[in-house]
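These protein sequence lines map, in sequence, to chains D, F and Z.
Per our numbering, the very first residue in the first sequence carries number 1; after that it's consecutive.
Per our numbering, the very first residue in the second sequence carries number 1; after that it's consecutive.
Per our numbering, the very first residue in the third sequence carries number 1; after that it's consecutive.
Keep in mind that the hints were calculated from the coordinates and are not lab data.
Be careful, since some hints might not be right.
Listed next, with one range per pair, are the computed distances between beta-carbon atoms [claimed, not checked]:
1. Z:E123 <-> D:G247: 34 to 42 Å
2. D:E157 <-> F:G195: 29 to 37 Å
3. Z:R27 <-> D:G250: 16 to 24 Å
4. Z:E269 <-> F:E269: 40 to 48 Å
5. F:D28 <-> D:E157: 41 to 49 Å
6. Z:R27 <-> D:G223: 41 to 49 Å
Far from chain F by the CB rule (all over 10 Å, computed), these chain D residues [what the hints assert, rightly or not]:
7. A42
8. S265
9. G274
Output of the computed footprint for chain Z on chain D, the stretches with three or more beta carbons under 8 Å from beta carbons of chain Z [said to hold, decoys possible]:
10. 27-41
11. 111-124
12. 185-193
13. 199-211
14. 242-256
Built from N, CA and C at the ideal position, the CB exists for glycine as well.
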Amino acid sequence: MTDDVSPTQPNPEDVTQQTAATLTAIRDRSPLVHSITNYVTANFIANTLLAVGAAPAMIDVAEEAGVFAPVASGLLVNLGTLSHQQRDAAREAVPAATAAETPWVLDPVAIGALPLRTELATELVGHAPGAVRGNASEIIALAGAGAGGRGVDSSDETTAAAPAASTLARNEGTIVAVSGAEDYITDGRVAMRVGNGHHFLTRVTGGGCALGAIVAAALGSRGEIPALHAVTAAHIIFGIAAEQASGRAGGPGTFVAHFLDALASVSPEEVASGARVQVETVHEAARGRA
Amino acid sequence: MTDDVSPTQPNPEDVTQQTAATLTAIRDRSPLVHSITNYVTANFIANTLLAVGAAPAMIDVAEEAGVFAPVASGLLVNLGTLSHQQRDAAREAVPAATAAETPWVLDPVAIGALPLRTELATELVGHAPGAVRGNASEIIALAGAGAGGRGVDSSDETTAAAPAASTLARNEGTIVAVSGAEDYITDGRVAMRVGNGHHFLTRVTGGGCALGAIVAAALGSRGEIPALHAVTAAHIIFGIAAEQASGRAGGPGTFVAHFLDALASVSPEEVASGARVQVETVHEAARGRA
Amino acid sequence: MTDDVSPTQPNPEDVTQQTAATLTAIRDRSPLVHSITNYVTANFIANTLLAVGAAPAMIDVAEEAGVFAPVASGLLVNLGTLSHQQRDAAREAVPAATAAETPWVLDPVAIGALPLRTELATELVGHAPGAVRGNASEIIALAGAGAGGRGVDSSDETTAAAPAASTLARNEGTIVAVSGAEDYITDGRVAMRVGNGHHFLTRVTGGGCALGAIVAAALGSRGEIPALHAVTAAHIIFGIAAEQASGRAGGPGTFVAHFLDALASVSPEEVASGARVQVETVHEAARGRA
């Protein structure tokens, strides 16, 4: 396969239309997003899902997670505060989700620096995630290409992580999203660069976590929308809500409240017209060895 | 006992007066509410208790919960994220609360669909709760009359759960409250229907959890106020604060902040004059077999 | 050593200058604060750290906490919801932090009334904390001088805890901070009384927890600033942000958002000019037996 014959290369108009369609799908279908996630941002994740039109259910004990994942519309596995309980729950829920064709999203928070969660992320990513979302250092670490960062901060630039993202996407047959000032979303052949967002998102905890939840909601309600488009749409919706909120906020504290308001009120037309997205083909050199 | 001779049937004026008295009692006595609750909404529960005038203490390890429940004014057991640790803590705290006459409230989050928590709720409800608060599908499941819903959403209407609520209240000698667009609160003989509230409460996580906490605060400070009135008052106070907040909010995010402001500022006169409540006798047919 | 020859007695001008310098240091160095803390206020702690200019990382499992503490700038150990997992993590992280000269802060939430956490706090405080921060009843309990309070409330006045604070500071060679309407911060020889703050802080959960986190950020970035000054600065910054927020808030709910906004925007000049601080020598009688 060479770049110039890729059958899946969309144009920007496709992307914006699919973004509007993804938001409409979330609101029409109200996907139930089963979340195994950290306690620091669980409230923000739940409120993000409710605001955008989805429904959260935080079920993270082993005896329940395997029962619940198959009936959910989507599953989010966020490794932020990785208790023994949650490790057991993730190991039950992920295969159950895969077997039931519930799309699931891996958010490998702070891997690289911490062996325990790096090992679990490496184990889980082999179970056919619908998407992987992380910052640059996390994606590099998951692709086996680097040593990771200083916790949840992103110390690498998005662009530096693009080759790792493409390699990981191709190796695992998934969508990989690298979050940063610019987001990079790829299936290993085509990549989207999303420029929406606001720097306030770096001054509140859980921005990335909430984005991962919207990705799960998008995959859990996408219908005929291609997965790459749905994941990209989640980033655009998230970024535009942040932009709208920034104009009403006096700082990071009031920003959080206005961000949730904006997620609830932003229209399909606004996400289509406000999208700042570039589509590109992944070059051979950037693909790495699959 | 037949309906027309029920000695406990209050009139709506009693209800509104007792609602004002309940709010005054919470603020005068500042009940310490021991909470064993989920990590998703624990912050919101604690801030709700502080805003309304009570004091929270989240103590959920077994070695501490049994020590603390007897010295608290009230105990809330919310099954939202049911760790092994919390199961052990609840099994210690509930009998200790009952022995010490600390009123306790059961919030059987998402039972029905999930066997593990359904079993624990069924076990705990036999320990003389002061009140049980849930949505329709949870109350139906706890009464043994249905299979429950899709997590924390309410897929049944409040009215459909009324017979189950009455049966459960009579069997366990407790107050049962079904939350929904209209709330239904009953001791099995008399029922209150509360119409206060706002749909924003369905767009933020933890509304029901916070209501359960206010119920515990009301029971923990009620003095001579009858328990049915105190539980009803909690629902009215909660609903009126939501109504006041909705007028200041631009969406679900700002709503949360204004809701807490309203809980802190709403007056006894406002909750009395704003109450939308109907009192009814529970008919034989609706009582079920006790 | 007698009071009148204490070489470390600063004057108020020193204190205000060092307060401005501490805020600047936090923002310039963005200290990574490893937090082992309760799930109730973890989100607020993380957002507080981000707002003031630091970076949070909540790492509370044993296999990770010992690895992470040495690479962090500071460590916060808050005993609010003390799971078995967190007890193991704290016992790993604290010696690792001490060995790596990562300053660490103990927040002994609700000790005194609860034996389990009282024992752990007593054990941990022997590992050379950079600071201990608590309310009056907690500090009295940790100093072995009292039976503690009714949970997280402060039932003793700050002044009543001053002798216990001084004794504890001298015995452990640390800084002890007693939070209240007036804060009392001492190294056992010199004491600072800080009058900044607002009563809204008593109507939201996690005020003390967030203050403990700022103390850890201040100690983790202080450079040549003396530790007593850095801890005092944390209290002044915290109190002035609360004062600024109170003017914009309609109640405790909106206060939280405005407080975070104020933490992000308050300037070094504002914290220097707004400081309400008194410096005093600790008298022999108040020192207790060291």
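Tested hints:
Judged by the Cβ atoms, the range 34 to 42 Å given for E123 (chain Z) and G247 (chain D) is violated: they are separated by roughly 50 Å. The hinted range of 29 to 37 Å is not satisfied by E157 (chain D) and G195 (chain F), whose Cβ atoms lie roughly 55 Å apart. For the hinted restraint 16 to 24 Å between R27 (chain Z) and G250 (chain D), the CB-CB distance of approximately 18 Å keeps it satisfied. A C-beta distance of roughly 45 Å is found between E269 (chain Z) and E269 (chain F), which places it inside the suggested range of 40 to 48 Å.
Distance hint check: the CB atoms of D28 (chain F) and E157 (chain D) are about 58 Å apart, inconsistent with the given range 41 to 49 Å. For R27 (chain Z) paired with G223 (chain D), a C-beta distance near 47 Å keeps the hint of 41 to 49 Å intact. At the 10 Å boundary, the C-beta of A42 (chain D) falls inside the reach of chain F, the nearest C-beta of that chain being 5 Å off. With a least beta-carbon separation of about 6 Å from chain F, S265 (chain D) fails to lie farther than 10 Å from that chain, contradicting its non-interface assignment.
With a least beta-carbon separation of about 18 Å from chain F, G274 (chain D) lies farther than 10 Å from that chain, consistent with its non-interface assignment. Only when three residues or more bring their CB closer than 8 Å to a CB of chain Z does the claim for the stretch 27-41 of chain D stand; here the count is 4, and the claim holds. Closer than 8 Å: that is the beta-carbon criterion, and the stretch 111-124 of chain D has 5 residues meeting it against chain Z, so the requirement of 3 holds. Against chain Z, the stretch 185-193 of chain D contributes 0 residues with a C-beta closer than 8 Å to a partner C-beta. That does not satisfy the three-residue criterion, and the hint is violated.
Only when three residues or more bring their CB closer than 8 Å to a CB of chain Z does the claim for the stretch 199-211 of chain D stand; here the count is 5, and the claim holds. Residue count for the stretch 242-256 of chain D with a Cβ under 8 Å from a Cβ of chain Z: 7. That meets the three needed, and the coverage hint holds.
Hints 1, 2, 5, 7, 8 and 12 from the earlier list are contradicted by this structure; the remaining hints agree with it.
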